[in-house]
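S.K.: Put together the whole structure using the sequences plus the hints.
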Amino acid sequence: MFDILQSIIPTVLFYSAPLILTALGGVFSERSGVVNIGLEGLMVMGAFVGIVFNLTFADVFGVWTPWVSLIAATVIGALFSLIHAVASITFYANQVVSGVAINMLALGIGVYLTKVWYDKGQTDMVNQPFYTTDIPVLSNIPLIGTLFFEGVYVTSYLAIILAFVAWYVLYQTPFGLRLRAVGEHPMAADTNGIKVERMRYIAVLLSGALGGLGGSVFALTIASNFSHSTIVGQGFMSLAAVIFGKWHPLGAMGAALFFGLAQSLSVVSAGVPVLENIPQIILLIAPYLLTILALAGFIGRADAPRANGVPYIKGSR
Amino acid sequence: MTANNRLFGILVPVISVIVGLLAGAIIMLASGHNPIEGYAALWRGAFGDSYTLGETIRRTTPLILTGLAVAFAFKTGLFNIGAEGQVIVGWLASIWVGVAVEAPMIIHLPLAVLAGAVAGGLWGFIPGLLKAKLGVHEVIITIMMNYIALHVTNEIIRSILTDQATTTEPIAATASLASTWLQSITFYSRVHYGVLIALAAAFVMWFIIERTTYGYELKAVGFNRHASNYAGMNVSRNIILSMVLGGAFAGLAGTMEGLGTYGTISVMSGFTNLGFDGIAVALLGSNNAFGVVLAAILFGALKEGAGEMPTAAGVPTELVDIIIALIIFFVASSYIIRWALLRFKKGGNIDV
Amino acid sequence: MDYAIEMLNIRKEFPGIVANDNITVQLQKGEIHALLGENGAGKSTLMNVLFGLYQPEKGEIRVNGKPVNITNPNIANGLGIGMVHQHFMLVEPFTVTQNIVLGSEPTNKFGKIDLAKASKEIKELSDRYGLQVDPDAKISDISVGMQQRVEILKTLYRGAEVLIFDEPTAVLTPQEINELIDIMRSLIKEGKSIILITHKLKEIMEVCDRCTVIRKGKGIGTVNVADTNTTELASLMVGREVSFKTEKKTAEPKDIVLAIKDLFVRDSRKLDMVKGLNLDVRAGEIVGIAGVDGNGQSELIEAITGLSKTRSGSVTLSNKEITRLSPRKITESGLGHIPQDRHKYGLVLDYSVGENIVLQTYYQKPYSNASVLKYNEIFDKAEKIIEEYDVRTPSVYTKARALSGGNQQKAIIGREVDRSPKLLIAAQPTRGLDVGAIEFIHRKLIEERDKGSAILLVSFELDEIMNVSDRIAVMFDGKIVADVKPEDTNEQELGLLMAGSQVDKAGVISE
Amino acid sequence: DEDGAEDNTATEGNEEGTSGEDATSTDYSVAMVTDVGGVDDKSFNQSAWEGIQAWGEEHGLSQGEGFDYAQSTDKADYMPNLTRFVRDEYNLVYGIGFELKEDIQKAAEQYPDTNFAIVDDTVEADNAVSITFKEHQGSFLVGVAAAMKTTTNKVGFVGGVDSPLIKKFESGFIAGVKSVNPDIEVDVQYAESFADAAKGKLIATNMYDSGVDVIYHASGATGNGVFNQAKDIKQNDPEREIWVIGVDRDQHDEGTIGDHNVTLTSMVKRVDVAVQDVANRGMNGEFPGGEKLEYGLEQDGIDFAKTNEEAMTGEIITAVDEYKEKILSGEIEVPSTIEDLEAFEESL
Ligand SMILES: Nc1ncnc2c1ncn2[C@@H]1O[C@H](COP(=O)(O)OP(=O)(O)OP(=O)(O)O)[C@@H](O)[C@H]1O
Ligand SMILES: Nc1ncnc2c1ncn2[C@@H]1O[C@H](COP(=O)(O)OP(=O)(O)OP(=O)(O)O)[C@@H](O)[C@H]1O
Ligand SMILES: [Mg+2]
Ligand SMILES: [Mg+2]
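For the record, the sequence lines run as chains A, B, C and D.
Counted from 1, the first sequence has number 63 at position 63 by our numbering; the numbering is strictly sequential.
Counted from 1, the second sequence has number 118 at position 118 by our numbering; the numbering is strictly sequential.
Counted from 1, the third sequence has number 32 at position 32 by our numbering; the numbering is strictly sequential.
Counted from 1, the fourth sequence has number 33 at position 33 by our numbering; the numbering is strictly sequential.
Please keep in mind that the hints were generated in silico from the structure rather than gathered at the bench.
Every value quoted in this text rests on a predicted model; they were computed, and no experiment measured them.
Glycine included, each C-beta is placed from N, C-alpha and C at the ideal position.
Please note: incorrect hints may appear among the correct ones.
[Stated by the list, open to error] DSBU-like cross-link-like pairs, simulated, lysine-lysine; straight-line CA separation at most 35 Å:
1. C:Lys216 x B:Lys133
2. A:Lys314 x C:Lys309
3. C:Lys344 x A:Lys195
4. C:Lys309 x C:Lys374
5. C:Lys29 x A:Lys246
6. B:Lys133 x C:Lys329
7. A:Lys314 x C:Lys422
8. C:Lys344 x B:Lys133
9. A:Lys246 x C:Lys309
10. C:Lys216 x C:Lys270
11. C:Lys329 x C:Lys374
12. C:Lys216 x C:Lys202
13. B:Lys133 x C:Lys422
[To be verified] Estimated spans, in silico, between C-beta atoms of each pair:
14. C:Glu57 x B:Ile18: 32 to 40 Å
15. D:Arg281 x A:Pro273: 51 to 59 Å
16. B:Val19 x A:Val137: 53 to 61 Å
17. B:Glu169 x A:Tyr171: 54 to 62 Å
18. A:Trp117 x B:Val14: 44 to 52 Å
19. D:Arg281 x B:Phe290: 49 to 57 Å
20. C:Ala137 x A:Val310: 48 to 56 Å
[What the hints assert, rightly or not] To give a feel for the contact side, a few chain B residues facing chain C, derived at Cβ under 7 Å:
21. Thr180
22. Trp181
23. Gln183
24. Arg211
25. Tyr216
26. Tyr230
27. Ala231
28. Gly232
M.R.: Written out as structure tokens, the structure reads:
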């Protein structure tokens with residue numbers, strides 16, 4: 001049992017980290033009332049920037065390259081999400097549609113520029129990706145240390161810590177209260193003197209930053225290069241995590257970890273007696289099936305922020 | 001007000017397309033390509049001769065259907081992001097019937113087409129049911145259903161339709177939509193009779209939505225669930241119906257690929273993207289049947305023409321994806337276009 | 001004269017409409033000043049201008065004599081102006097405290113909201129004005145009256161000196177209205193000034209010092225309430241004579257149309273809200289259900305109309321059991337229903353007026369044939385109804401959303417009455433409407449009665465109940481606790497009955 | 001009209017191409033259509049294009065005049081791309097990858113005057129040649145290398161999508177491993193995708209954790225995850241002996257990690273060799289229409305990489321070469337399906 005856990009937990013952690021980060025972005029955006037189906041595109045942008053930056057500046061930044069790449073991807077991700085913000089907040093665009101366009105645009109730009117810059121459809125592998133490490137001090141704790149803090153990516157814990165930070169910001173600070181108010185009843189927020197549009201811009205930019213971060217973490221811990229097939233569905237899984245987690249940062253984190261667990265089980269199953277005889281196809285679709293069952297059965301109706309997806313037009317009712 | 005709205009309804013997409021193409025030209029310039037060459041290649045690739053024209057029609061055909069699939073659900077206030085999965089199962093089912101059944105064409109072909117529609121409908125039924133009965137968010141369920149469709153279809157191709165092969169046998173000629181006549185007049189393009197099915201489907205959608213009591217109910221439920229219930233409509237049934245019919249349209253799109261274009265189905269390592277493109281088509285077409293047809297033609301032509309761009313002008317095909325995305329942004333942000341138009345004709349009083 | 005607020009020659013335009021045309025309102029310190037006008041006259045718009053939600057095209061605003069430029073609600077708050085909106089501005093999943101501090105939250109040194117501190121302050125404030133608000137309750141769990149008091153607290157918390165109330169009583173029960181009036185008086189005592197928008201002339205006479213009348217966007221003038229009466233106010237507002245007492249012949253009740261026996265109904269929280277209710281309504285009579293909101297009226301209506309399931313008991317319509325039928329079957333059995341919430345239930349706002357007219361009948365002949373809609377028939381019908389019921393709309397093709405509240409209501413009534421239902425349920429049919437519209441609707445209900453319909457009127461307005469009903473059933477705690485004739489009772493007695501007091505055979509009320 | 005004119009010339013051109021016995025080297029033109037991997041996939045598309053470029057340069061041609069390629073971004077692009085070359089009067093058109101099988105088949109039937117070739121699958125037409133490779137042979141050889149290298153007696157195989165083609169790799173690999181030492185365990189897992197690096201990494205993590213020290217991947221971009229994991233382990237513990245075996249071409253570059261390289265060797269498929277060979281035969285009027293050419297060790301169509309000199313010790317290379325001789329001499333018949341593999345294992 002311990003062995004199984006020991007092989008599952010690190011994989012869950014690295015698999016889930018990009019999903020957690022991106023889902024947190026989704027939580028911010030949707031809590032403020034802006035539907036963000038463009039998480040996939042934000043991840044694509046993040047992966048693209050993370051890889052290109054890493055390839056270009058590896059000589060300059062040395063071992064710090066992956067970290068600097070993450071920052072670059074975070075910033076560019078935020079800037080890129082500005083398009084979604086302008087369309088859906090200032091121009092009252094249908095937010096779902098704008099999100100779909102974000103997805104197409106990110107992939108288009110990423111691959112287009114890859115071809116223009118590198119003259120081929122995919123980049124080389126980076127020389128400065130993230131590597132796993134043992135977390136100092138914590139990895140010395142008996143049992144738990146071995147299970148959770150040995151041979152893990154720091155970025156996984158960055159994701160988990162950010163989930164708690166996001167929870168604190170959303171549920172304990174004035175900023176969070178205002179952000180949620182804007183997503184529930186923008187007009188009420190407005191009459192209380194809160195700048196609805198500004199809050200929403202900030203939230204969408206945060207989702208861009210976190211989506212970019214998630215995409216670059218994926219690229220620099222898992223994929224190692226960028227091509228049209230680097231990000232294929234992780235953004236949608238993150239969106240699922242947002243909803244599955246009931247628009248709550250810790251819920252979203254839990255959902256993302258759950259997806260990681262389901263994926264990991266489908267691989268590890270070969271060595272686990274109970275799982276061994278289950279047909280491969282069942283294990284393959286398990287993450288998706290379980291999500292559906294969970295939504296239909298255990299957690300039932302998830303209440304979205306009430307003003308989610310509704311542009312706020314001053315003076316209309 | 002109505003006249004003004006109608007004018008906007010036409011102007012907004014047209015302006016969006018123009019601005020999108022302009023943006024594409026700027027991108028080409030910025031990345032060191034000649035936009036005139038690029039667009040000339042695009043045009044040739046889409047409408048250059050009878051062959052490309054045939055291929056453009058072929059490519060447009062499933063886009064019409066996935067566009068309808070998304071638009072139909074939109075009308076009932078539902079977002080069918082699952083057209084992708086419905087396409088896949090529709091494709092699979094039509095091929096299955098095409099391969100496994102032996103019958104004269106008059107039975108076989110309709111049966112195979114129907115199988116595709118039914119499979120897609122079934123794939124829409126599940127999220128519809130969950131939405132109607134348990135209030136589960138259809139977006140997330142349809143996303144999950146897409147993946148399930150992909151994996152299950154691959155498994156069926158490998159283990160049931162073939163003996164661990166990656167592609168099925170071609171369907172019997174009696175189930176094929178291919179047309180030697182259409183091919184012969186288009187220099188062997190793959191245009192097939194499916195385009196007639198797609199156009200008929202557009203007409204059916206228009207008729208259901210605009211002219212029948214079913215459409216009246218579907219739209220009412222989309223606009224206001226409570227009032228529909230108050231008025232005695234069965235809200236659950238309408239939600240399910242909408243997803244099922246939307247799914248059936250998407251299933252037909254898969255059928256077009258199966259019975260029309262390829263005649264087989266292969267193990268897929270990723271999505272067809274027909275379903276996702278359908279979202280764009282539905283939007284540009286303002287969710288109405290006629291608009292969807294026009295939008296599908298535009299996107300079909302852009303995507304078909306893109307193939308000519310790398311060889312003829314050195315422009316990566318992804319430029320077209322960027323252009324399409326930008327067009328969608330502009331349409332979605334039509335407020336800015338309306339605002340600009342109103343500014344433009346300022347002075348004239350604005351009647352609301 | 002010392003004015004707290006002066007709004008001078010205000011003009012506010014919306015595309016195609018001048019909502020406020022050169023209106024002047026001057027609020028004296030320490031007064032309650034009424035704003036009176038028909039639906040759509042421009043009252044809310046004017047107040048939204050004062051509160052900084054809209055910018056006026058012309059005119060000047062002075063606070064304590066100083067000209068100011070109020071470009072957003074923050075500035076209004078800073079100037080000591082608070083507004084209690086017609087549609088509450090509360091975030092439902094939040095607590096009372098969270099709603100009140102929203103936008104001006106006290107924090108501790110970690111940037112965390114200091115809810116404990118805020119909660120204490122709010123409690124104190126609430127006690128001082130006798131508002132009785134629980135700071136830790138969730139908005140979604142408290143009554144409408146309580147929500148309104150939260151709105152008041154919100155303004156007080158921000159140090160408002162001038163409070164604007166936009167139709168505060170439209171959503172309140174008689175008891176709550178009395179409480180609100182007390183609250184307003186205590187606010188005045190504390191030195192605040194109040195602008196009150198209301199359609200209820202009686203309230204103006206009761207609490208207001210002066211009244212400014214607006215008609216079709218134009219200021220008609222300001223009168224001292226002491227020097228006027230309701231009739232004069234009404235004619236100032238509408239521009240013609242209005243009668244308050246609805247003329248009607250005595251009822252001639254015939255067969256029983258609606259019979260309810262031992263009805264039990266649960267609400268969404270699975271609590272019994274209707275508890276063994278019995279009621280008969282006969283053809284040709286109007287039975288008014290009086291009661292404080294939350295005593296099971298909504299559940300009763302939902303059960304009769306089939307919108308929610310009954311737990312036990314039976315409902316028959318013209319001797320036909322309809323207890324477990326679908327809403328459609330019940331409608332087909334001869335029920336008409338003017339719903340309480342016209343936006344949620346009564347209309348599909350994005351459908352045209354014409355399409356809304358056939359909301360329950362679209363599938364029947366002549367509006368459709370073999371499932372194919374016949375739009376000519378539909379719009380012909382709609383033309384007739386908007387004509388007959390005086391629905392003011394540019395055309396039958398206009399979206400219902402674009403109509404004012406009163407006209408939306410008239411369209412619904414036209415639709416329901418036109419089907420000549422055996423039973424017509426009218427729930428709060430005049431809520432939020434001006435006197436002209438109310439008069440019209442009452443006349444229509446009586447006309448229907450005279451044609452032989454059974455009418456069940458549910459209203460929180462005792463005036464309306466007293467005026468229109470032939471028989472009054474008082475509902476308390478899920479049961480009918482009294483059945484009286486309007487001429488045998490008075491508002492005071494009804495009020496007590498509604499509060500749960502018993503009436504013995506001799507008509508003496510005991511606690 | 002214009003279309004008609006173009007059609008006519010196209011037909012004429014083709015007639016010239018096929019019937020022209022006096023065709024000089026400059027007359028003959030060759031083009032290829034990639035699968036969705038693209039021309040720079042660092043795999044068979046790239047290799048094929050390199051072959052065509054080499055062939056073109058050899059005969060004094062330049063891209064666009066004598067040889068060219070067309071990129072496919074979508075399955076739906078194959079047919080238009082093929083047709084474009086037919087109408088541009090190319091004499092020989094390659095379809096690269098088994099995904100183009102149906103389209104090449106159809107094109108060959110529709111345009112009998114053009115020659116076609118499919119790489120990695122077979123078609124049935126007199127004007128089309130099928131080019132396949134004996135990947136099982138190469139897989140066998142890298143299996144030998146893996147068996148020689150493993151110290152834990154556990155090796156792994158990561159497949160992309162479960163299909164007969166990838167089964168060929170698997171069978172050959174296992175046969176090679178077992179030939180050296182039947183006691184070595186082979187852990188086999190399929191990612192069900194050629195593009196899921198995360199899945200590849202999950203599988204690799206799991207395998208390396210369970211004691212596997214050499215993984216052979218035949219899984220396209222999914223393999224990125226395998227390399228990624230191996231390099232991560234190496235980074236943390238440079239002493240640990242952990243290896244990946246690449247596929248299709250020499251994946252040495254993917255294995256670089258600091259001063260180390262985790263790529264033991266690669267199973268190299270010389271698509272370039274095959275493509276040049278067929279082009280030359282076509283140019284000389286000896287187009288092997290209708291034939292099914294299978295390139296193996298005999299034709300230099302299959303090879304293994306020796307780039308990692310440190311890891312591929314002389315001992316290993318000698319052993320691999322010995323087995324190569326045995327295969328060439330027919331002494332060993334490498335199994336290409338799971339059934340054959342079972343028989344093979346029994347005979348050991
Ligand atoms: N946001 C808006 N956009 C356009 N027109 C508006 C808007 N708000 C109000 N109007 C117009 O201004 C006029 C005045 O509306 P307002 O809401 O101020 O009326 P009111 O006096 O408050 O009515 P009621 O008594 O029904 O509340 C209306 O006739 C309406 O047509
Ligand atoms: N965004 C808008 N555009 C145009 N007209 C508007 C808008 N918002 C409100 N209105 C108009 O404002 C007017 C005021 O409506 P009114 O105040 O009568 O409704 P109401 O009585 O407040 O509604 P309720 O029944 O909720 O009390 C209506 O004519 C409505 O059409
Ligand atoms: Mg108002
Ligand atoms: Mg009103």
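S.K.: Decide, hint by hint, whether the structure agrees.
M.R.: Hints and how they fare:
For the hint pairing Lys216 (chain C) with Lys133 (chain B), the CA-to-CA distance comes to about 47 Å; that exceeds 35 Å, so the pair is violated. As the CA atoms of Lys314 (chain A) and Lys309 (chain C) are separated by approximately 40 Å, the hinted pair breaks the 35 Å bound. Between Lys344 (chain C) and Lys195 (chain A) the alpha-carbon distance is near 28 Å, which keeps this suggested pair within the 35 Å criterion. For the hint linking Lys309 (chain C) to Lys374 (chain C), the alpha-carbon distance of about 34 Å falls within 35 Å, and the restraint holds.
Taking the CA atoms of Lys29 (chain C) and Lys246 (chain A), the gap is near 49 Å; set against the 35 Å cutoff, the hint is violated. For the given pair, Lys133 (chain B) sits about 21 Å from Lys329 (chain C) by alpha-carbon distance, which is consistent with the 35 Å threshold. Straight-line distance between C-alpha atoms of Lys314 (chain A) and Lys422 (chain C) comes to about 44 Å, which puts the hinted pair past the 35 Å bound. Proximity of Lys344 (chain C) to Lys133 (chain B) is assessed by CA-CA distance (about 20 Å); at most 35 Å being required, the pair is judged to hold.
Using a Cα cut-off of 35 Å, the hinted pair Lys246 (chain A) and Lys309 (chain C) holds, with the two alpha carbons roughly 29 Å apart. Between Lys216 (chain C) and Lys270 (chain C), the direct Cα distance comes to roughly 47 Å. Violation of the 35 Å bound is thereby established for this hinted pair. Proposed proximity of Lys329 (chain C) and Lys374 (chain C) is supported: the alpha carbons are some 23 Å apart, at most 35 Å. The hinted pair formed by Lys216 (chain C) and Lys202 (chain C) meets the criterion: a straight-line CA distance of about 22 Å does not exceed 35 Å.
A hinted pair counts as satisfied when its Cα atoms are at most 35 Å apart, and Lys133 (chain B) with Lys422 (chain C) qualifies at roughly 33 Å. Evaluation of the 32 to 40 Å hint for Glu57 (chain C) and Ile18 (chain B) yields a pass: the beta carbon distance comes to about 35 Å. A beta carbon spacing of about 56 Å between Arg281 (chain D) and Pro273 (chain A) agrees with the range 51 to 59 Å that was offered as a hint. Restraint check, Val19 (chain B) to Val137 (chain A): a C-beta distance of roughly 57 Å satisfies the suggested window 53 to 61 Å.
Take Glu169 (chain B) and Tyr171 (chain A): their Cβ atoms lie about 58 Å apart, and the range 54 to 62 Å holds. Between Trp117 (chain A) and Val14 (chain B) the C-beta distance comes to about 34 Å, which lies outside the given range of 44 to 52 Å. At roughly 55 Å, the beta-carbon separation of Arg281 (chain D) and Phe290 (chain B) lies within the given 49 to 57 Å, and the hint holds. Separated by about 26 Å at the C-beta atoms, Ala137 (chain C) and Val310 (chain A) break the suggested range of 48 to 56 Å.
Because the beta carbon of Thr180 (chain B) sits about 39 Å from the nearest beta carbon in chain C, more than 7 Å, this interface hint is broken. The beta carbon of Trp181 (chain B) is not positioned within 7 Å of any beta carbon in chain C (closest approach about 35 Å), and the interface hint is therefore violated. With its C-beta approaching chain C no nearer than about 38 Å, Gln183 (chain B) sits outside the 7 Å limit, and its interface hint is violated. With a cut of 7 Å, the hint placing Arg211 (chain B) at the interface with chain C holds, because the nearest CB-to-CB distance is about 6 Å.
Proximity of Tyr216 (chain B) to chain C holds as hinted, the smallest CB-CB distance being about 5 Å (cut-off 7 Å). Hint status for Tyr230 (chain B): holds, given a least beta-carbon distance of 4 Å to chain C, under 7 Å. The interface hint given for Ala231 (chain B) holds, since its Cβ lies 4 Å from the closest Cβ of chain C, which is under the 7 Å cut-off. Taking 7 Å as the C-beta cut-off, the interface hint given for Gly232 (chain B) holds, the closest approach to chain C being about 3 Å.
Violated hints, listed in ascending order, are 1, 2, 5, 7, 10, 18, 20, 21, 22, 23; each of the other numbered hints is respected by the structure.
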